[in-house]
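A.B. asks: Letter by letter, the chains look like this.
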Amino acid sequence: MIKVKNLTKTYRTKDIETPVLRGIDLEVPEGEFLGIMGKSGAGKSTLMYQIGLLDHPTSGEIVLNGINTENLTTEERTQIRLSILGYVFQDYALIPELTASENVMIPILMQGKSGVEAREISRDMLKKVGLGHRMDNKPSQLSGGEQQRVSIARAMAHNPKILFADEPTANLDSVSGQSIIELFKDLNEKGQTIVMVTHEEEYARYCNRIVYLEDGKIVRHTTQKQ
Amino acid sequence: MKNSKFVTKKWLNILRVGYFLAIRQIKGSNKATTFLIVFIMMLTFLNLVVVSGVLIGLIEGGNKANKEQYTGDVIITTLSGEKDIGHSHEIENTLAKMPGVGNYSVRYLESGQIEANYKTRRDFSVLQDIAGTQVVGLTLEDEEKLSNISKFVVEGEFLNENESGYILIGANLLYRYSAGFGDFFASLDGVYPGDEVKVTVGDNTKTFIVKGILDTKVDQVSLRAFITKADFWRLVDRPGLNANEVAIRITPGSTITADTIKSNLVKAGFAPDGKIQTATEAIPDFLNQIRIAFGLLGNVIGMVGIVVASITIFIVIFINAVTRRKYIGIMKGIGISEKAIEISYIFQSIFYATLGGLLGVLIIYLLLVPLFNAYPLDFPFSDGILVAPVDGTAIKFGLLLFVTIIAGYIPARNIVKKNTLDSILGR
Numbered sequence: 001m002i003k004v005k006n007l008t009k010t011y012r013t014k015d016i017e018t019p020v021l022r023g024i025d026l027e028v029p030e031g032e033f034l035g036i037m038g039k040s041g042a043g044k045s046t047l048m049y050q051i052g053l054l055d056h057p058t059s060g061e062i063v064l065n066g067i068n069t070e071n072l073t074t075e076e077r078t079q080i081r082l083s084i085l086g087y088v089f090q091d092y093a094l095i096p097e098l099t100a101s102e103n104v105m106i107p108i109l110m111q112g113k114s115g116v117e118a119r120e121i122s123r124d125m126l127k128k129v130g131l132g133h134r135m136d137n138k139p140s141q142l143s144g145g146e147q148q149r150v151s152i153a154r155a156m157a158h159n160p161k162i163l164f165a166d167e168p169t170a171n172l173d174s175v176s177g178q179s180i181i182e183l184f185k186d187l188n189e190k191g192q193t194i195v196m197v198t199h200e201e202e203y204a205r206y207c208n209r210i211v212y213l214e215d216g217k218i219v220r221h222t223t224q225k226q
Numbered sequence: 227m228k229n230s231k232f233v234t235k236k237w238l239n240i241l242r243v244g245y246f247l248a249i250r251q252i253k254g255s256n257k258a259t260t261f262l263i264v265f266i267m268m269l270t271f272l273n274l275v276v277v278s279g280v281l282i283g284l285i286e287g288g289n290k291a292n293k294e295q296y297t298g299d300v301i302i303t304t305l306s307g308e309k310d311i312g313h314s315h316e317i318e319n320t321l322a323k324m325p326g327v328g329n330y331s332v333r334y335l336e337s338g339q340i341e342a343n344y345k346t347r348r349d350f351s352v353l354q355d356i357a358g359t360q361v362v363g364l365t366l367e368d369e370e371k372l373s374n375i376s377k378f379v380v381e382g383e384f385l386n387e388n389e390s391g392y393i394l395i396g397a398n399l400l401y402r403y404s405a406g407f408g409d410f411f412a413s414l415d416g417v418y419p420g421d422e423v424k425v426t427v428g429d430n431t432k433t434f435i436v437k438g439i440l441d442t443k444v445d446q447v448s449l450r451a452f453i454t455k456a457d458f459w460r461l462v463d464r465p466g467l468n469a470n471e472v473a474i475r476i477t478p479g480s481t482i483t484a485d486t487i488k489s490n491l492v493k494a495g496f497a498p499d500g501k502i503q504t505a506t507e508a509i510p511d512f513l514n515q516i517r518i519a520f521g522l523l524g525n526v527i528g529m530v531g532i533v534v535a536s537i538t539i540f541i542v543i544f545i546n547a548v549t550r551r552k553y554i555g556i557m558k559g560i561g562i563s564e565k566a567i568e569i570s571y572i573f574q575s576i577f578y579a580t581l582g583g584l585l586g587v588l589i590i591y592l593l594l595v596p597l598f599n600a601y602p603l604d605f606p607f608s609d610g611i612l613v614a615p616v617d618g619t620a621i622k623f624g625l626l627l628f629v630t631i632i633a634g635y636i637p638a639r640n641i642v643k644k645n646t647l648d649s650i651l652g653r
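Just so you know, the sequences run in chain order A and B.
The end of the first sequence is residue 226 by our numbering, with every number in the run present.
The end of the second sequence is residue 653 by our numbering, with every number in the run present.
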């Protein structure tokens, strides 16, 4: 599902070069729930942004669902993000003026589905994440856990092949965090490929496999016993 | 073919998503700010239409009055170098039968002078109170039908066909009316209805009693003196009975145009007898030049407004896009196309411009135009109206919309094209 070869990322300012990823090789098979862990500054979020096509790597190769992403145009990258990738961000990243239902609808509309169809899908997704009663609420009217559930519903609404989650529980209390991680586990058990960045061991144990980053390199893999 | 269908479908979808986002953003925006932006757009549109409309209206008001009170829809005057219109009677007979001609007035003109206050002039070293003018002989009923001339009698009464020895004097021949023009006109002092004046045409002098004073802003009325046709021929010695002006009015509601009437007169062979002009053609060229200059001036002032409006929209959209940069990044991140996001801002610009423009249109056509028609701006040379032709207004509306779209697109594009991740992380 995901193949990463010799991936590097170096941030450049005027005279300073800061290498963040230093030759990452990684494969994620379909249906895996991969955890990326490491200390702050290890490069875990940066790795996820590169694989998730939110940023351009300095060098290396990323193949997603059989598509080599190296020479894609901006429009093609956007199209891939829309069709096969889903994102859950640490701070939920919901559009404030849209209701929960509308937030979930946008990518579905962008895929060309009708308004009625998009609304139905969005409502189904929100029901699945336990927010059937909060569809018409705006993000500001929802708790952190509820907002993250909307974010997951949005990420899953267009049936992505890969779901990326960047510290999805970091801003949540332990109860909400637990329910979110269980939601991910549930999705993974239904076959969803998930790549999750986290620094919380208690949630990482839900992953099938964990890669540990240190100073921009993968230093360790661990496979969880289910 | 298949490809073009795909492209069309893709663009329709981009428009749909852009519209979806725009509507939600507008609904979610601060109402007072939205009102303020729409208000600025409305003022800009009013500035664009009304300033040039009023400036042009100063001239147009004069032209309109000229047409109503003097030329009619078509006017025949003497050819240069000629003393009168040839075959005047044949022209009258032809007009009487010509389709589309509602009424016409035949006028007889001679240059002359009016002397007032000669009875009280004791000191012969003092200049005589004399004003040069054109003395016009009218068939009162015909002129009344054509120009409603009696409406402009501000003192005394209109002439009566059954009376003789009376004269109507244009107000600008009297000092108390024309004082505002300085020494532009030689004018009579202290002449009122009932006073006696001497009218001299050529070698003939007759006394007339002033029946009334005519005041309009059309010089051909307010700088002339009017008597009945019968009195004219008593006063004037000239060979032949040809007229000097024939003003023609088209039947109200007729589909026949002034050009058709003119063309019919030319076809009837009257072109060598007189100068046949439509009301538009009869407008002096300098007035058309002023009209164009005023129009340009109005447009320049309007353009300043357009620039201000476009800067306003630019700033509004720029601030909106900058403060929402993170969300723009997120939308891009989840696969919303850049074009859809840009179009959402274009739709917002269109919303502001359209609403402001529509309010402006309502104010112009439901309030300002009727108001200016009812209470024209009182200028010395015309009654200024507001000229706002629908096609011109539509073009200006389109211009405002176009400029606003550009002003909305540029800042939106600048923000949207920034790196997706940088936008999400606020870098």
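Do not take every clue at face value.
Facing chain B, according to a computed beta carbon distance under 8 angstroms, are these residues of chain A, among others [said to hold, decoys possible]:
1) Asp55
2) Thr58
3) Arg81
4) Leu82
5) Tyr87
6) Ile95
7) Leu98
8) Gly112
9) Val116
10) Glu120
11) Leu187
Derived lysine-lysine pairs resembling PhoX-like cross-links, with alpha carbons at most 20 angstroms apart [unchecked claim]:
12) Lys113(A) - Lys309(B)
13) Lys644(B) - Lys565(B)
14) Lys253(B) - Lys138(A)
15) Lys552(B) - Lys113(A)
16) Lys127(A) - Lys138(A)
17) Lys138(A) - Lys432(B)
18) Lys644(B) - Lys138(A)
19) Lys128(A) - Lys185(A)
20) Lys190(A) - Lys39(A)
21) Lys235(B) - Lys113(A)
22) Lys217(A) - Lys127(A)
23) Lys113(A) - Lys257(B)
24) Lys565(B) - Lys14(A)
By construction, these hints were calculated from the structure, which means they are not laboratory data.
Remember, predicted model here, so these are calculated numbers, not experimental data.
For each residue, glycine too, the CB sits at the ideal point set by N, CA and C.
A.B. asks: Taking 8 angstroms as the limit, does the beta-carbon of Thr58(A) come near enough to a beta-carbon in chain B?
C.D. replies: Constraint on Thr58(A) not satisfied, violated at 14 angstroms.
A.B. asks: Next pair to validate is Lys113(A) with Lys309(B); report whether the Cα-Cα distance is within 20 angstroms.
C.D. replies: violated (83 angstroms)
A.B. asks: Does the alpha-carbon distance linking Lys217(A) and Lys127(A) stay inside the 20 angstroms limit?
C.D. replies: violated (40 angstroms)
A.B. asks: Decide if the proposed pair is consistent with the structure: Lys644(B) and Lys565(B), CA atoms, cutoff 20 angstroms inclusive.
C.D. replies: With Cα atoms ~13 angstroms apart, Lys644(B) and Lys565(B) stay inside 20 angstroms; holds.
A.B. asks: Please work out if Lys138(A) and Lys432(B) have their alpha carbons no farther apart than 20 angstroms.
C.D. replies: violated (93 angstroms)
A.B. asks: Does the CB of Leu98(A) sit less than 8 angstroms away from some CB of chain B?
C.D. replies: At 5 angstroms from the nearest chain B Cβ, Leu98(A) passes the 8 angstroms test, so the hint holds.
A.B. asks: Does Leu82(A) meet its interface restraint, that is, does its C-beta lie within less than 8 angstroms of any C-beta in chain B?
C.D. replies: Status holds, d = 3 angstroms.
A.B. asks: Compare the distance between the alpha carbons of Lys127(A) and Lys138(A) with 20 angstroms, and conclude whether the hinted pair is satisfied.
C.D. replies: OK: Lys127(A) and Lys138(A) at ~16 angstroms, within 20 angstroms.
A.B. asks: Are the Cα atoms of Lys190(A) and Lys39(A) separated by 20 angstroms or less?
C.D. replies: Distance ~30 angstroms between Lys190(A) and Lys39(A) Cα, so the pair is violated.
A.B. asks: Taking the closest Cβ pair, is Glu120(A) under 8 angstroms from chain B?
C.D. replies: Hint violated; Glu120(A) Cβ to chain B Cβ min 16 angstroms, cut 8 angstroms.
A.B. asks: Given Gly112(A) as an interface hint, is its Cβ closer than 8 angstroms to any Cβ of chain B?
C.D. replies: For Gly112(A), the interface hint holds, since the closest Cβ of chain B sits about 5 angstroms away, which is under 8 angstroms.
A.B. asks: Given a cut of 8 angstroms on the nearest C-beta pair, is the interface hint for Tyr87(A) held or broken against chain B?
C.D. replies: Given a least distance of 6 angstroms, the restraint on Tyr87(A) holds.
The structure fails hints 2, 9, 10, 11, 12, 15, 17, 18, 20, 22, 23 and 24 (numbered hints given earlier, in ascending order).
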